[in-house]
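Student: Residue numbers (UniProt numbering), protein chains in the order written: chain A, 1 to 253; chain B, 1 to 253.
Treat the hints with caution; some may be incorrect.
Calculated pairs, EDC-like style, for lysine to aspartate or glutamate (alpha carbon to alpha carbon, straight line, at most 20 Å) [unchecked claim]: (1) A:K99 x B:E172; (2) A:K157 x B:E172; (3) A:K82 x B:E151; (4) A:K136 x B:E113; (5) B:K157 x A:E168; (6) B:K136 x A:E113; (7) A:K157 x B:E168; (8) B:K11 x B:E41; (9) A:K82 x A:E168; (10) B:K99 x A:E172; (11) B:K157 x A:D165; (12) B:K99 x A:E151; (13) B:K157 x A:E172; (14) A:K99 x B:E151; (15) B:K137 x A:E113.
Simulated restraints, written as ranges between beta carbons of each label pair [what the hints assert, rightly or not]: (16) A:Q78 x B:R128: 23 to 33 Å; (17) B:S163 x A:N16: 51 to 61 Å; (18) A:T76 x B:R35: 45 to 55 Å; (19) B:R35 x A:E172: 39 to 49 Å; (20) A:T76 x B:S60: 19 to 29 Å; (21) A:E190 x B:V86: 39 to 49 Å; (22) B:E190 x A:K137: 25 to 35 Å; (23) A:K82 x B:S71: 25 to 35 Å; (24) B:S60 x A:K82: 18 to 28 Å; (25) A:E172 x B:E164: 18 to 28 Å; (26) A:L15 x B:W72: 45 to 55 Å.
Taking beta-carbon pairs under 7 Å as the criterion, some of the chain B residues facing chain A (in silico) [what the hints assert, rightly or not]: (27) N129; (28) G131; (29) A143; (30) R145; (31) C149; (32) L150; (33) E151; (34) V152; (35) P153; (36) H156; (37) L161; (38) V162; (39) Y166; (40) V173.
Worth flagging that the hints you see were computed from the coordinates, not collected in a lab. Note that the structure is a prediction, hence the values are computed from the model and not measured. Even glycine gets a Cβ: it sits at the ideal position worked out from N, Cα and C.
2 protein chains.
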Amino acid sequence: MEIENTFKQWKKQCLNKMDLSKKGSVDEDIAHIVRALNDAENYFTTSSCSGRIILIDGISDCQDVQKQNCSWLFVTHQQCQKTDVVSGLERSCGDAVFKFEPFVLHVQCRRLEDAQLLHNVAINSGFRNSGITVGKKGKIIMAVRSTHCLEVPLSHKGQVLVSEDYIEFLVEVANQKMVENLRRIERFYECLQSSLQAEDPQCKNTDVTEEKSVYRRRRKKMLGSPADSCQDNKDPTTSEEDDGLDYGVNLFT
Amino acid sequence: MEIENTFKQWKKQCLNKMDLSKKGSVDEDIAHIVRALNDAENYFTTSSCSGRIILIDGISDCQDVQKQNCSWLFVTHQQCQKTDVVSGLERSCGDAVFKFEPFVLHVQCRRLEDAQLLHNVAINSGFRNSGITVGKKGKIIMAVRSTHCLEVPLSHKGQVLVSEDYIEFLVEVANQKMVENLRRIERFYECLQSSLQAEDPQCKNTDVTEEKSVYRRRRKKMLGSPADSCQDNKDPTTSEEDDGLDYGVNLFT
Numbered sequence: 001m002e003i004e005n006t007f008k009q010w011k012k013q014c015l016n017k018m019d020l021s022k023k024g025s026v027d028e029d030i031a032h033i034v035r036a037l038n039d040a041e042n043y044f045t046t047s048s049c050s051g052r053i054i055l056i057d058g059i060s061d062c063q064d065v066q067k068q069n070c071s072w073l074f075v076t077h078q079q080c081q082k083t084d085v086v087s088g089l090e091r092s093c094g095d096a097v098f099k100f101e102p103f104v105l106h107v108q109c110r111r112l113e114d115a116q117l118l119h120n121v122a123i124n125s126g127f128r129n130s131g132i133t134v135g136k137k138g139k140i141i142m143a144v145r146s147t148h149c150l151e152v153p154l155s156h157k158g159q160v161l162v163s164e165d166y167i168e169f170l171v172e173v174a175n176q177k178m179v180e181n182l183r184r185i186e187r188f189y190e191c192l193q194s195s196l197q198a199e200d201p202q203c204k205n206t207d208v209t210e211e212k213s214v215y216r217r218r219r220k221k222m223l224g225s226p227a228d229s230c231q232d233n234k235d236p237t238t239s240e241e242d243d244g245l246d247y248g249v250n251l252f253t
Numbered sequence: 001m002e003i004e005n006t007f008k009q010w011k012k013q014c015l016n017k018m019d020l021s022k023k024g025s026v027d028e029d030i031a032h033i034v035r036a037l038n039d040a041e042n043y044f045t046t047s048s049c050s051g052r053i054i055l056i057d058g059i060s061d062c063q064d065v066q067k068q069n070c071s072w073l074f075v076t077h078q079q080c081q082k083t084d085v086v087s088g089l090e091r092s093c094g095d096a097v098f099k100f101e102p103f104v105l106h107v108q109c110r111r112l113e114d115a116q117l118l119h120n121v122a123i124n125s126g127f128r129n130s131g132i133t134v135g136k137k138g139k140i141i142m143a144v145r146s147t148h149c150l151e152v153p154l155s156h157k158g159q160v161l162v163s164e165d166y167i168e169f170l171v172e173v174a175n176q177k178m179v180e181n182l183r184r185i186e187r188f189y190e191c192l193q194s195s196l197q198a199e200d201p202q203c204k205n206t207d208v209t210e211e212k213s214v215y216r217r218r219r220k221k222m223l224g225s226p227a228d229s230c231q232d233n234k235d236p237t238t239s240e241e242d243d244g245l246d247y248g249v250n251l252f253t
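Could you put the whole structure together from the sequences, leaning on the hints where they help?
Tutor: Right under this line is the structure:
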């Protein structure tokens, strides 16, 4: 009962804050996901971003990547155009970096099995770097994450190092990633709805022809190139993905 | 007892396989970490990569990013040189992409508290995207992950889109990331040793002056730019990082 009340208190506190900062605080493309989770008994969201394309200016020759003060030259949660980047770069004084960052979501869960269910949804939707955190006070967070990204240095000490043709190509690549990102967000929402409604407890890839289930086939990771010496000795009969992520496991039976 | 025996069996099976593929299967820069974990009672590694700089050739205009067949033009687990990239690009027929990928490690853990301890080590070492997976058979995996990366398209349909000066700059940036990556690997190892020896159960950032502890101060995430509308309403008194990751929590007290 104690954890129950604690979770309820945490949720109430967090959602009250959200009411105060509601104006434009949740990205439009994921508002439905955030709403579905906050309406559900066993979850609430703590941070989110639908995905974005950004141009940031870092300090040149600063070795300490943690302390870099970056200024934001451009940001969008939709697609961008070449002119956005070109005009952003005109304002660059340091090392400008162009980035695509996908959907990110942090959800606090009531119980570990709730986190596992959500983890299942995330992995099946293509967010393959998702993971669970368990804290000292029993706080359980499921983080939706993906490797789907771009990170491209474009200037050094304010001097642009690439052509406008390259920028045009880069923008096209980033926009394609944004399209794919939105597709995965929709998939996440559908899978989430199914799981929450418990009509299809194990959200399977029933109607996704272009994407194989990570649970039904062992996906060859790019770690396994012939030229590569990285260790990879997962048991092929119970691959990490196949075995890992169905919800509802009880660790203590 | 059942989980105990199962874990022992899993470990034995996995390490036996590793003996067979020992030649060059574990990257040199993390051999000490892999050894320390496999020697410890409550852990064994299932996959690892010390980090790498790669040039891969993808199929042009292929929208389905999951099914892309990529050929490997170049790969190294150390630093690279401009000539590596230039000669790799000469062999590109499609869309070549230059990538830096940091240290990745998957560790199977005996119990959830073991995973939490290791998660603590990973976060404190700078691997901030680390997370836990809990599987249906009680299999617990802790994945060490980082956002520290580069992903740079360099050619389209075999045509190189950037100058050699740009490639030289890019190589420098990638090599700096590799240096930072190795520094974090060493930090991980030190922190791991402390934690395993239980001399310093909560591995604190005692001698890292250039990096603030993620647990002692709430680190401002880059999600919170003035121009950005991403939701971020974590409770400032118990931030996700501060509260999240000390080992030893018992979820069921």
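Student: All hints, please: hold or fail.
Tutor: Here is what the structure says about each hint:
no.	hint	result
1	A:K99 x B:E172	18 Å, holds
2	A:K157 x B:E172	14 Å, holds
3	A:K82 x B:E151	19 Å, holds
4	A:K136 x B:E113	10 Å, holds
5	B:K157 x A:E168	15 Å, holds
6	B:K136 x A:E113	10 Å, holds
7	A:K157 x B:E168	15 Å, holds
8	B:K11 x B:E41	10 Å, holds
9	A:K82 x A:E168	5 Å, holds
10	B:K99 x A:E172	18 Å, holds
11	B:K157 x A:D165	14 Å, holds
12	B:K99 x A:E151	9 Å, holds
13	B:K157 x A:E172	14 Å, holds
14	A:K99 x B:E151	9 Å, holds
15	B:K137 x A:E113	13 Å, holds
16	A:Q78 x B:R128: 23 to 33 Å	27 Å, holds
17	B:S163 x A:N16: 51 to 61 Å	54 Å, holds
18	A:T76 x B:R35: 45 to 55 Å	46 Å, holds
19	B:R35 x A:E172: 39 to 49 Å	46 Å, holds
20	A:T76 x B:S60: 19 to 29 Å	25 Å, holds
21	A:E190 x B:V86: 39 to 49 Å	45 Å, holds
22	B:E190 x A:K137: 25 to 35 Å	27 Å, holds
23	A:K82 x B:S71: 25 to 35 Å	29 Å, holds
24	B:S60 x A:K82: 18 to 28 Å	19 Å, holds
25	A:E172 x B:E164: 18 to 28 Å	23 Å, holds
26	A:L15 x B:W72: 45 to 55 Å	48 Å, holds
27	N129	6 Å, holds
28	G131	2 Å, holds
29	A143	6 Å, holds
30	R145	6 Å, holds
31	C149	6 Å, holds
32	L150	5 Å, holds
33	E151	5 Å, holds
34	V152	5 Å, holds
35	P153	5 Å, holds
36	H156	6 Å, holds
37	L161	5 Å, holds
38	V162	6 Å, holds
39	Y166	5 Å, holds
40	V173	5 Å, holds
Violated hints for the displayed structure: none, as all numbered hints are satisfied.
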